[in-house]
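Number of protein chains: 2
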Amino acid sequence: MRTVGVIVEYNPFHNGHRHHLEESVRVTGADAVVAVMSGHFLQRGEPALMDKWARAETALRGGCDLVIELPVPYATSAAEWFAYGAVGLLDATGVVDCFCFGSESGDIDALRRIAELAADEPADLRGRIAEGLSAGLSFPDAYSAALRFCLAARGDSEAAAFPLEQPNNTLGLHYLIAWKRLGSRMEPHTIRRVQAGYHDADAPAGSIASATALRRLIFGRGRPEAIASYVPPVTLDVLRREWEAGRAPVGWPALKEQLFHLLVRLGAEELAGYRDIGEGLEHRIRRALPALERLEVDELIGLLKTKRYTRTRLQRALTAVLLGIRKDDWRPAALREGLAYIRVLGFTPKGQELLKRMRKAAKLPVLLSAAGGEGAGLGCAGARYLELDARATGVYALAAGAADPRALLRDYYEPPIIVRPS
Amino acid sequence: MRTVGVIVEYNPFHNGHRHHLEESVRVTGADAVVAVMSGHFLQRGEPALMDKWARAETALRGGCDLVIELPVPYATSAAEWFAYGAVGLLDATGVVDCFCFGSESGDIDALRRIAELAADEPADLRGRIAEGLSAGLSFPDAYSAALRFCLAARGDSEAAAFPLEQPNNTLGLHYLIAWKRLGSRMEPHTIRRVQAGYHDADAPAGSIASATALRRLIFGRGRPEAIASYVPPVTLDVLRREWEAGRAPVGWPALKEQLFHLLVRLGAEELAGYRDIGEGLEHRIRRALPALERLEVDELIGLLKTKRYTRTRLQRALTAVLLGIRKDDWRPAALREGLAYIRVLGFTPKGQELLKRMRKAAKLPVLLSAAGGEGAGLGCAGARYLELDARATGVYALAAGAADPRALLRDYYEPPIIVRPS
Numbered sequence: 047m048r049t050v051g052v053i054v055e056y057n058p059f060h061n062g063h064r065h066h067l068e069e070s071v072r073v074t075g076a077d078a079v080v081a082v083m084s085g086h087f088l089q090r091g092e093p094a095l096m097d098k099w100a101r102a103e104t105a106l107r108g109g110c111d112l113v114i115e116l117p118v119p120y121a122t123s124a125a126e127w128f129a130y131g132a133v134g135l136l137d138a139t140g141v142v143d144c145f146c147f148g149s150e151s152g153d154i155d156a157l158r159r160i161a162e163l164a165a166d167e168p169a170d171l172r173g174r175i176a177e178g179l180s181a182g183l184s185f186p187d188a189y190s191a192a193l194r195f196c197l198a199a200r201g202d203s204e205a206a207a208f209p210l211e212q213p214n215n216t217l218g219l220h221y222l223i224a225w226k227r228l229g230s231r232m233e234p235h236t237i238r239r240v241q242a243g244y245h246d247a248d249a250p251a252g253s254i255a256s257a258t259a260l261r262r263l264i265f266g267r268g269r270p271e272a273i274a275s276y277v278p279p280v281t282l283d284v285l286r287r288e289w290e291a292g293r294a295p296v297g298w299p300a301l302k303e304q305l306f307h308l309l310v311r312l313g314a315e316e317l318a319g320y321r322d323i324g325e326g327l328e329h330r331i332r333r334a335l336p337a338l339e340r341l342e343v344d345e346l347i348g349l350l351k352t353k354r355y356t357r358t359r360l361q362r363a364l365t366a367v368l369l370g371i372r373k374d375d376w377r378p379a380a381l382r383e384g385l386a387y388i389r390v391l392g393f394t395p396k397g398q399e400l401l402k403r404m405r406k407a408a409k410l411p412v413l414l415s416a417a418g419g420e421g422a423g424l425g426c427a428g429a430r431y432l433e434l435d436a437r438a439t440g441v442y443a444l445a446a447g448a449a450d451p452r453a454l455l456r457d458y459y460e461p462p463i464i465v466r467p468s
Numbered sequence: 047m048r049t050v051g052v053i054v055e056y057n058p059f060h061n062g063h064r065h066h067l068e069e070s071v072r073v074t075g076a077d078a079v080v081a082v083m084s085g086h087f088l089q090r091g092e093p094a095l096m097d098k099w100a101r102a103e104t105a106l107r108g109g110c111d112l113v114i115e116l117p118v119p120y121a122t123s124a125a126e127w128f129a130y131g132a133v134g135l136l137d138a139t140g141v142v143d144c145f146c147f148g149s150e151s152g153d154i155d156a157l158r159r160i161a162e163l164a165a166d167e168p169a170d171l172r173g174r175i176a177e178g179l180s181a182g183l184s185f186p187d188a189y190s191a192a193l194r195f196c197l198a199a200r201g202d203s204e205a206a207a208f209p210l211e212q213p214n215n216t217l218g219l220h221y222l223i224a225w226k227r228l229g230s231r232m233e234p235h236t237i238r239r240v241q242a243g244y245h246d247a248d249a250p251a252g253s254i255a256s257a258t259a260l261r262r263l264i265f266g267r268g269r270p271e272a273i274a275s276y277v278p279p280v281t282l283d284v285l286r287r288e289w290e291a292g293r294a295p296v297g298w299p300a301l302k303e304q305l306f307h308l309l310v311r312l313g314a315e316e317l318a319g320y321r322d323i324g325e326g327l328e329h330r331i332r333r334a335l336p337a338l339e340r341l342e343v344d345e346l347i348g349l350l351k352t353k354r355y356t357r358t359r360l361q362r363a364l365t366a367v368l369l370g371i372r373k374d375d376w377r378p379a380a381l382r383e384g385l386a387y388i389r390v391l392g393f394t395p396k397g398q399e400l401l402k403r404m405r406k407a408a409k410l411p412v413l414l415s416a417a418g419g420e421g422a423g424l425g426c427a428g429a430r431y432l433e434l435d436a437r438a439t440g441v442y443a444l445a446a447g448a449a450d451p452r453a454l455l456r457d458y459y460e461p462p463i464i465v466r467p468s
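Order-wise, the sequence lines are chains A and B.
Residue 388 in the working numbering sits at position 342 of the first sequence; the count goes up by one each step and never skips.
Residue 390 in the working numbering sits at position 344 of the second sequence; the count goes up by one each step and never skips.
Hints are computed from structural coordinates only; laboratory data are not their basis.
Among the clues, some could well be false.
Stated by the list, open to error - Label-pair distances were calculated between CB atoms; the ranges are:
| # | chain 1 | residue 1 | chain 2 | residue 2 | range |
| --- | --- | --- | --- | --- | --- |
| 1 | B | P461 | A | G319 | 51 to 61 angstroms |
| 2 | A | R333 | B | I464 | 25 to 35 angstroms |
| 3 | B | A337 | A | E211 | 33 to 43 angstroms |
| 4 | A | G313 | B | P168 | 35 to 45 angstroms |
| 5 | A | K406 | B | D344 | 44 to 54 angstroms |
| 6 | B | K402 | A | R333 | 31 to 41 angstroms |
Just so you know, these numbers come straight off a predicted model, no measurement behind them.
Even for Gly, the Cβ is constructed at its ideal location relative to N, Cα and C.
Input sequences plus hints: build the corresponding full structure.
Next comes the structure, spelled out in structure tokens:
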């Protein structure tokens with residue numbers, strides 16, 4: 047059973063995702079798909095629209111066979127560690143033969159050459175990055191400028207001209223860097239994205255819109271049907287069900303009491319103990335509070351935003367405060383050791399076959415719930431990450447207005463979702 | 047200007063309080079009244095019904111001349127440190143000649159004799175307390191049993207028979223212990239309370255009911271008028287105004303999202319870092335969450351309650367979590383040093399005269415807002431306590447649904463309330 051791995055958020059699962067899934071299967075000749083999916087908080091630092099079980103269901107009914115969870119410290123990280131966690135987990139299953147990601151370029155060869163240079167981290171690359179940062183560039187900008195310079199210096203003008211700034215090219219590069227560093231044997235593939243504009247916010251004509259655009263449509267129009275023409279029927283089904291149950295859509299407004307409470311409660315020194323906060327951001331946050339017109343997270347982010355502190359970075363910082371992800375949880379050593387378990391969120395009958403093979407093949411313990419973590423020898427960082435995942439679920443359930451207090455600990459008792467072909 | 051000090055919560059200011067005020071003035075022959083009042087969180091560990099400025103207004107319109115704030119670490123403590131903070135502040139004003147508290151007994155002589163023994167902390171007393179605690183008694187029970195034994199052993203059978211268990215007798219005893227320890231020159235007085243039952247929860251006939259009963263009436267009936275016959279007109283005025291503005295009544299339900307968020311977010315180890323948590327309570331709290339039927343603080347407390355962990359102790363523990371009052375903030379050394387400022391909440395013209403005299407007479411810096419704390423030389427614990435007071439205001443304002451974000455930092459800019467005779 048040839049198996050392809052994909053790295054997803056599915057927030058929500060839309061026609062572009064379905065296209066990517068189908069193409070991934072086609073170009074790799076795969077029989078089964080393993081998806082590593084972020085849980086309740088996402089790479090841009092935002093809460094997910096629907097909970098991770100609902101989103102896993104859309105994945106499984108939409109074409110994936112096994113959904114495993116990317117632990118929250120990786121899921122809410124910038125590209126480097128997001129990629130490390132995701133590629134590392136796919137590799138650790140022991141059953142994924144290849145992985146396939148979307149990119150603006152669709153050019154795997156150029157990406158591999160850039161990744162080889164980047165993974166080696168030569169001295170001139172490190173020096174150029176430092177220069178860019180001290181000149182006030184954001185990390186992604188400093189990084190791509192430095193890469194470009196070093197590639198040109200090595201005579202690879204094609205790679206030097208590669209449009210690294212495009213967000214999915216960058217992410218793809220980091221998948222390949224992680225893949226190199228992990229020494230993974232999975233074959234990498236990339237597919238050109240049908241619609242480049244991840245950042246486009248208006249609903250375009252046709253059947254494909256970015257997830258960002260879909261979220262804006264959902265919150266703007268206030269009903270699930272707003273996205274009907276851009277998503278497979280399964281997404282509308284699940285979103286409607288979650289909406290009617292009062293569990294979706296979740297956004298910053300649902301978390302604002304908790305977040306502002308913490309920002310008032312924590313002193314600047316304590317704030318500086320959380321991931322992505324420091325260099326004075328802790329003071330800027332505290333000073334921003336009385337300057338707000340309304341108590342809204344979006345307004346806070348708007349006030350704090352600068353060239354250096356992008357919206358994404360600020361959202362990641364606020365998520366760290368909300369979940370209690372400390373700087374200490376995010377040391378490189380912890381991030382390497384935290385990849386200590388494979389948490390299964392759901393599977394199809396084919397996925398169950400994969401799980402059987404994983405009993406022997408997997409390089410890490412396979413957990414069907416967070417309760418499985420006890421006695422699984424996860425190590426300090428692994429146990430901590432599993433606890434952070436469970437916390438994220440509790441925090442998310444509260445934000446989603448869970449009436450049943452058992453929902454706060456759902457990670458410990460919820461078995462994986464099983465989806466059978468209808 | 048002979049001045050009497052009183053120690054109050056005024057949650058809300060009722061006819062019994064007014065009677066106590068009038069009697070305090072009468073028996074001491076005072077011309078002016080200084081009240082030390084708890085801020086947004088109270089001795090039983092609960093949030094106040096209305097904010098501290100609204101309650102200070104009822105105090106000033108009801109007969110007090112100067113209202114100063116008891117910092118939150120004392121205000122939410124058991125009798126010993128509550129009393130230390132309150133008596134210490136009255137003493138530190140330098141203008142209070144005497145203080146007067148209500149008690150079930152009304153017998154100042156017996157209380158003074160007991161206080162003398164207790165303040166000395168002889169070895170036999172300490173031993174008896176330890177025995178009581180290890181036999182499973184709550185601290186207040188162990189303490190009063192030990193005192194009784196030691197008084198009898200010293201032949202003071204009258205004091206040994208004193209009904210110490212009654213809550214206001216206990217509190218009064220601690221006022222006198224603090225007074226002795228502080229070496230204060232203020233004369234102590236006590237008045238017999240007109241209505242003994244602090245704990246009585248039903249609305250009695252007549253014009254006097256306990257504050258507990260009044261809070262139940264307010265929440266139970268859902269309108270300010272429910273307490274009209276038990277409170278002076280000023281209380282109804284202010285409560286109505288706060289109610290209409292959406293700022294009152296505040297109770298645990300208004301804080302539940304924030305509190306449950308923290309309980310989910312904090313690991314057991316972190317929980318154990320807060321005041322009043324430890325000895326396994328941190329684990330019991332975490333285990334109680336999934337056992338709840340509904341996400342309500344009252345239900346959580348009901349589940350956790352035991353003979354040893356009384357409702358009051360549990361509420362104090364939860365308040366510590368909510369505000370971030372750590373064990374470290376509550377060391378005896380910190381509690382002694384934290385009495386470092388006199389925060390003025392409001393005054394009448396007569397209170398303004400007192401403030402003028404305090405410029406020379408006060409033993410601590412007099413602050414008209416938390417902003418005055420900078421450069422006032424408060425020391426480490428004092429600065430921390432002032433910050434905790436300001437935090438409590440922010441937390442409370444959020445719970446009260448403040449629309450204006452400036453309300454979160456109101457401690458820093460709100461000047462004292464000035465009430466002129468109408």
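To see whether the hints hold, each was checked on the structure:
1. B:P461 with A:G319: 51 to 61 angstroms: 34 angstroms, violated
2. A:R333 with B:I464: 25 to 35 angstroms: Because 29 angstroms falls inside the window, the suggested range holds.
3. B:A337 with A:E211: 33 to 43 angstroms: Since the Cβ atoms of A337 of chain B and E211 of chain A sit about 52 angstroms apart, the hinted range of 33 to 43 angstroms is violated.
4. A:G313 with B:P168: 35 to 45 angstroms: Cβ of G313 of chain A to Cβ of P168 of chain B: about 41 angstroms, so the range 35 to 45 angstroms holds.
5. A:K406 with B:D344: 44 to 54 angstroms: 52 angstroms, holds
6. B:K402 with A:R333: 31 to 41 angstroms: 35 angstroms, holds
Violation of the numbered hints given earlier is confined to hints 1 and 3; the remaining hints are satisfied by the structure.
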